[in-house]
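Student: Residue-level listing of the chains:
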Amino acid sequence: MPELLRGLRRVYQGYFLLLFLAALLLMSDEGLRRLPVRRLLQLDPLSAASVLASSWLLPAGLAAALIVVAVTVLFGRAFCGWICPLGTLHQIASWLTRGLRHGPYQKANRWRAHFRLKYLLLLALGIAALAGTGVVGLLDPLSLAMRSFASGLLPAVDAALGKGGTRPRTFGGAWLTAAVFLGLLAANRWVVRWWCRALCPLGALLGLGARTALFRIEVDEERCNACNRCARDCQGGDEPFAKHRVSECHVCLNCLATCPEEAIRFRLFAPTSAPAGGVDLPRRQLIGAALAGAAVVPLLRATTAEASPEAIRPPGSLAEDAFLARCVRCGACVNACPTGALQPSLTTAGLEGLYTPVLVPRRGWCEPSCTRCGQVCPTAAIAPLTPETKGWTRTASTGAGRPVKIGTAFFDWGRCLPWAMATPCVVCEEVCPTSPKAITLEPAEVARADGRVVRLGRPRIDPDLCVGCGLCEAKCPVAAPAAVRVTRAGESRDARGGFTLGGRLP
Amino acid sequence: MSAPVNRRLALRRLGGAGLVLGGSGALAWLGRTGRGRFQPARSAQPVRDHRAAEEPSRPPLVVARGSDPAAMVTAALAELGGMARFVKRGETVLVKPNMAWDRTPEQGANTHPEVVAEVVRQCRTAGAARVIVADNPVHDASRVAARSGIAAAASAAGAELLSAAAASFVPAAIGGVVLASWDVLAVLLLTDRLINVPVVKHHSLSRLTCGLKNHMGLLGGSRGRLHQEIHACVVDLAAAFRPTLTVVDATRVMVRNGPTGGRLDDLKMVNAVAVGTDAVACEAWAARQLGLDPYDVPSVVQAEGRGLGRVAAGAGPVPEVGAGA
Amino acid sequence: MRKDPNGPKVPEMVRGGRAWLVGLALAAPLVLLTAWLVRGALTAGGVSDRRPSVVAPSPTLDLPANRLEERVDGGADALRAAGCRRLLYWRSEDPPADAEALVFDTVAHARAALEREAGHERTAGPGDEAQVSDQAAYFRRGAVVVRLIADPGVTGSGRLLKVAERLAPALPRTD
Numbered sequence: 001m002p003e004l005l006r007g008l009r010r011v012y013q014g015y016f017l018l019l020f021l022a023a024l025l026l027m028s029d030e031g032l033r034r035l036p037v038r039r040l041l042q043l044d045p046l047s048a049a050s051v052l053a054s055s056w057l058l059p060a061g062l063a064a065a066l067i068v069v070a071v072t073v074l075f076g077r078a079f080c081g082w083i084c085p086l087g088t089l090h091q092i093a094s095w096l097t098r099g100l101r102h103g104p105y106q107k108a109n110r111w112r113a114h115f116r117l118k119y120l121l122l123l124a125l126g127i128a129a130l131a132g133t134g135v136v137g138l139l140d141p142l143s144l145a146m147r148s149f150a151s152g153l154l155p156a157v158d159a160a161l162g163k164g165g166t167r168p169r170t171f172g173g174a175w176l177t178a179a180v181f182l183g184l185l186a187a188n189r190w191v192v193r194w195w196c197r198a199l200c201p202l203g204a205l206l207g208l209g210a211r212t213a214l215f216r217i218e219v220d221e222e223r224c225n226a227c228n229r230c231a232r233d234c235q236g237g238d239e240p241f242a243k244h245r246v247s248e249c250h251v252c253l254n255c256l257a258t259c260p261e262e263a264i265r266f267r268l269f270a271p272t273s274a275p276a277g278g279v280d281l282p283r284r285q286l287i288g289a290a291l292a293g294a295a296v297v298p299l300l301r302a303t304t305a306e307a308s309p310e311a312i313r314p315p316g317s318l319a320e321d322a323f324l325a326r327c328v329r330c331g332a333c334v335n336a337c338p339t340g341a342l343q344p345s346l347t348t349a350g351l352e353g354l355y356t357p358v359l360v361p362r363r364g365w366c367e368p369s370c371t372r373c374g375q376v377c378p379t380a381a382i383a384p385l386t387p388e389t390k391g392w393t394r395t396a397s398t399g400a401g402r403p404v405k406i407g408t409a410f411f412d413w414g415r416c417l418p419w420a421m422a423t424p425c426v427v428c429e430e431v432c433p434t435s436p437k438a439i440t441l442e443p444a445e446v447a448r449a450d451g452r453v454v455r456l457g458r459p460r461i462d463p464d465l466c467v468g469c470g471l472c473e474a475k476c477p478v479a480a481p482a483a484v485r486v487t488r489a490g491e492s493r494d495a496r497g498g499f500t501l502g503g504r505l506p
Numbered sequence: 001m002s003a004p005v006n007r008r009l010a011l012r013r014l015g016g017a018g019l020v021l022g023g024s025g026a027l028a029w030l031g032r033t034g035r036g037r038f039q040p041a042r043s044a045q046p047v048r049d050h051r052a053a054e055e056p057s058r059p060p061l062v063v064a065r066g067s068d069p070a071a072m073v074t075a076a077l078a079e080l081g082g083m084a085r086f087v088k089r090g091e092t093v094l095v096k097p098n099m100a101w102d103r104t105p106e107q108g109a110n111t112h113p114e115v116v117a118e119v120v121r122q123c124r125t126a127g128a129a130r131v132i133v134a135d136n137p138v139h140d141a142s143r144v145a146a147r148s149g150i151a152a153a154a155s156a157a158g159a160e161l162l163s164a165a166a167a168s169f170v171p172a173a174i175g176g177v178v179l180a181s182w183d184v185l186a187v188l189l190l191t192d193r194l195i196n197v198p199v200v201k202h203h204s205l206s207r208l209t210c211g212l213k214n215h216m217g218l219l220g221g222s223r224g225r226l227h228q229e230i231h232a233c234v235v236d237l238a239a240a241f242r243p244t245l246t247v248v249d250a251t252r253v254m255v256r257n258g259p260t261g262g263r264l265d266d267l268k269m270v271n272a273v274a275v276g277t278d279a280v281a282c283e284a285w286a287a288r289q290l291g292l293d294p295y296d297v298p299s300v301v302q303a304e305g306r307g308l309g310r311v312a313a314g315a316g317p318v319p320e321v322g323a324g325a
Numbered sequence: 001m002r003k004d005p006n007g008p009k010v011p012e013m014v015r016g017g018r019a020w021l022v023g024l025a026l027a028a029p030l031v032l033l034t035a036w037l038v039r040g041a042l043t044a045g046g047v048s049d050r051r052p053s054v055v056a057p058s059p060t061l062d063l064p065a066n067r068l069e070e071r072v073d074g075g076a077d078a079l080r081a082a083g084c085r086r087l088l089y090w091r092s093e094d095p096p097a098d099a100e101a102l103v104f105d106t107v108a109h110a111r112a113a114l115e116r117e118a119g120h121e122r123t124a125g126p127g128d129e130a131q132v133s134d135q136a137a138y139f140r141r142g143a144v145v146v147r148l149i150a151d152p153g154v155t156g157s158g159r160l161l162k163v164a165e166r167l168a169p170a171l172p173r174t175d
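Listed in order, the protein sequences are those of chains A, B and C. My numbering puts the first residue of the first sequence at 1, with every later residue one more than the last. My numbering puts the first residue of the second sequence at 1, with every later residue one more than the last. My numbering puts the first residue of the third sequence at 1, with every later residue one more than the last.
A portion of the hints provided could be inaccurate.
Label pairs and their calculated CB-CB ranges [as the list claims (entries may be wrong)]:
| hint | chain 1 | residue 1 | chain 2 | residue 2 | range |
| --- | --- | --- | --- | --- | --- |
| 1 | B | Q45 | C | E93 | 32 to 42 Å |
| 2 | C | T123 | A | P443 | 53 to 63 Å |
| 3 | C | E93 | A | A480 | 45 to 55 Å |
Negatives, chain A to chain B, calculated, CB over 12 Å [stated by the list, open to error]:
| hint | residue |
| --- | --- |
| 4 | S28 |
| 5 | A53 |
| 6 | V68 |
| 7 | L153 |
| 8 | T212 |
| 9 | T348 |
| 10 | P403 |
| 11 | V478 |
| 12 | F499 |
FYI, nobody ran anything at the bench for these hints, they're computed from the structure. Quantities reported herein were computed from a predicted structural model and do not represent experimental measurements. Every residue, glycine too, gets a C-beta built ideally from N, C-alpha and C.
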């Protein structure tokens, strides 16, 4: 039976890791029609709790996190040991580096006091969430894994393999994202599953819930011969060979299979008590963490009066304060965006907006009929749109309702070929997708320096028709910077309704 | 041998598990049924018609001439039937001067403080329970209130001064040709009477800024956008706000470089105050003080076209009273 | 290694049939999950496509007050003077009919407009007050007046009412 349980656990881990990778790789339109990608991320109780704390709402779908809560009160941190794809990756890394860890098992794989750091992080981040920000997502394992793959590792693989054609998807800060991820994986060389034990706030949350677990590890003292072999394969660092810490146990059940005396069992109402759970924290550390969490938001908010003009949000996004509260920085939208327009913000959206998605027209444009970002967002920070509600591909000239507007394009006439250099060019007007076009050409005849008279069309923009898709900037032949640039001015999610009278709300 | 299951322990564990699961479920339920922290925009509320009953025996507009602003206000009001015709006992009155510019009274960019003060006094004498003086200025609110002299004069006369810096704005239904709704000072939706107290000035875009444009001071938000269709917008506002009375301060008229002005030689001393129930007539008379033909001012023409008043009542001869030396 | 012949006998609960049961119980969620995913993938559209879909059709025209001319030509000024702020227009094919919703600035103006359009008689119908006949249906909901004019030759007020019901959720809320 212990081998059966351990075997099943490996099947579960492999299954969910595969699901996770499938979700990452299958975010195409066809893939999204067939696979409920959002649902995987919505299992995360930390995301659900963060959204609940910061916006006092729980978008539909996040209730799935209750399943994980139920699993936790039944079996303890079984999510960590059986489901979490990041945990599985770290376990694989630990296994690969097992030869590098020396010394007696009970020393190498002991519980260390600094493992309590994850509870302090949970406290600080939780209070920051209550104050209205979603920065919890920076350390949430599913978000960390998804965005590290989406904007770090997968692009690196694509670059190495030379894939992507003429327009490869590149991501700002990819090196940093990948480096952090790989660095955390590297830590396994010294401590097995160090991320899970020392830093993971979801692990901390589930660890707190595990204190009421109905099923738990029980060591039969009479049968135990203190051989410490259970310490060899323990994933959680919960010291089954000493005083077992329920809130650290990943329920990997390796100890069951390894024990030569069959002294370890996993059973209902086992009397192993929780106070040995390793959450014992000195009060001053708790207060310190709480204060740090409480200070984060006001300090961030005091710095930024208003979001940067370059912080263009995906279409369907909530207003900025609600957006920053709900976005869990998972990077699913960045992964799903077909043109690579969505980028993880490093400085563009401010410190609070770190790793939230921003649209960078030079990297890609927002495809007019595409609504993928809203379809994958687990917290509805980006509301799911349909091509009709997005409104950029209407066939009728007077459509129903106003289209979603993410920004407005502004010409830099000093750089524009027809305006400044007497050279015909109509690219921006050609690619403008709105009907009628937001960019129109004003005919002009210009004399060049060599005396030739050229007929050309000079582009002008109608700010009420422009939706901010960025096609003009993306395709503008002038580069660094382009002769037409989109900023978020006039975005429709701003209650003030933009800068033109025509942009008023009905 | 495993120990037998301790019943008390089992119950405690079940209780704890139930608490965690139940608590999570309850939080989830609250999150599904609550309204959330980031409230959606409030819906626009209608603005009431502040006008008093028509009185055909009284003229739509009266002009007072003299050198004492307060006396002129009193004299003109008397011809119209006194403030008691407009303000009933116990009502709340919002007095809306032009108090938008960091200028002294001598520079003529804001309404003369004594004109405002006299209007306030008359309202209080007529029995108003509250008289509020408010404007959402272009320059810094506290400096404007002080340097214009209106804060001191109005408070001395018994008014409450509402600082736009601390005021709340709510969406109001304008229902106009251009403006459907806009954020306005919340007090506008609470007041019984609205007395518009503009000053006559030249304006580079709208030609004249007087009563119609003065309504912009009740707006919040990014109201600079109204300049994109200034004539239709100010008429929309006038049609929505429908003041009880218009008191036109023409003591000093800014004939150049309006609406901000600054130099004393941009001013012409006209030494008159006009009071009227017909906002269009008042506007037409004000245009004449700048030497403009009222029919050359697009907002005046549009206002008449929308039934807000008669240009002829202000363009032609207007009843006048003297107000002392 | 597993059996210590000198130790007490291990209770047999962990072996045999019990192990199979546990294994089955634990494998079941994965099997069910896989079945659900596969079913979703094969029906291609059932799972990730649940959008809050438009219950009522979007109007073909949505005109603000300053563009009423595009639909009502000469009557635009009168409509504006009567307080109309917005006009929505749908074309129904089954039954063939034109549907217009006029949004007024106040309920009183809407009532007056309904009087002008439909006279004094009222019949049962949708909204706050209605007048329904074979060829035309008028009703008012809040400050919105809806007029449904069937194409010549189309009869049956019942069919017109069906159009009205379909449009009702798409009418702007004026309260």
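Student: Now tell me if each hint is right for this structure.
Tutor: Taking the hints in turn, this is what the structure says about them:
1. About 39 Å separates the C-beta atoms of B:Q45 and C:E93, a value consistent with the hinted range of 32 to 42 Å.
2. For C:T123 and A:P443, the hinted distance range of 53 to 63 Å is satisfied, since their beta carbons lie about 58 Å from each other.
3. Our hint of 45 to 55 Å for C:E93 and A:A480 holds, since their Cβ atoms are close to 53 Å apart.
4. Every CB of chain B lies more than 12 Å from the CB of A:S28, the least distance being 31 Å, so the non-interface label holds.
5. A cut-off of 12 Å between C-beta atoms contradicts the statement that A:A53 is not in contact with chain B; the least separation is 9 Å.
6. Listed as a non-interface residue, A:V68 fails to keep its Cβ farther than 12 Å from every Cβ of chain B; the least gap is roughly 10 Å.
7. No Cβ of chain B comes within 12 Å of the Cβ of A:L153; the nearest lies about 33 Å off, and the non-interface call holds.
8. Look at A:T212: its CB is around 3 Å from the nearest CB on chain B, not clear of 12 Å, so calling it non-interface is violated.
9. With a least beta-carbon separation of about 22 Å from chain B, A:T348 lies farther than 12 Å from that chain, consistent with its non-interface assignment.
10. Once the 12 Å rule is applied to beta carbons, A:P403 is consistent with being away from chain B; the minimum gap is 18 Å.
11. Residue-level check passed: A:V478 sits 30 Å from the nearest beta carbon of chain B, beyond 12 Å.
12. Non-interface call for A:F499 relative to chain B: violated, since the shortest CB-CB distance, roughly 7 Å, does not exceed 12 Å.
When held up to the earlier numbered hints, the structure conflicts with 5, 6, 8 and 12 and fits the remainder.
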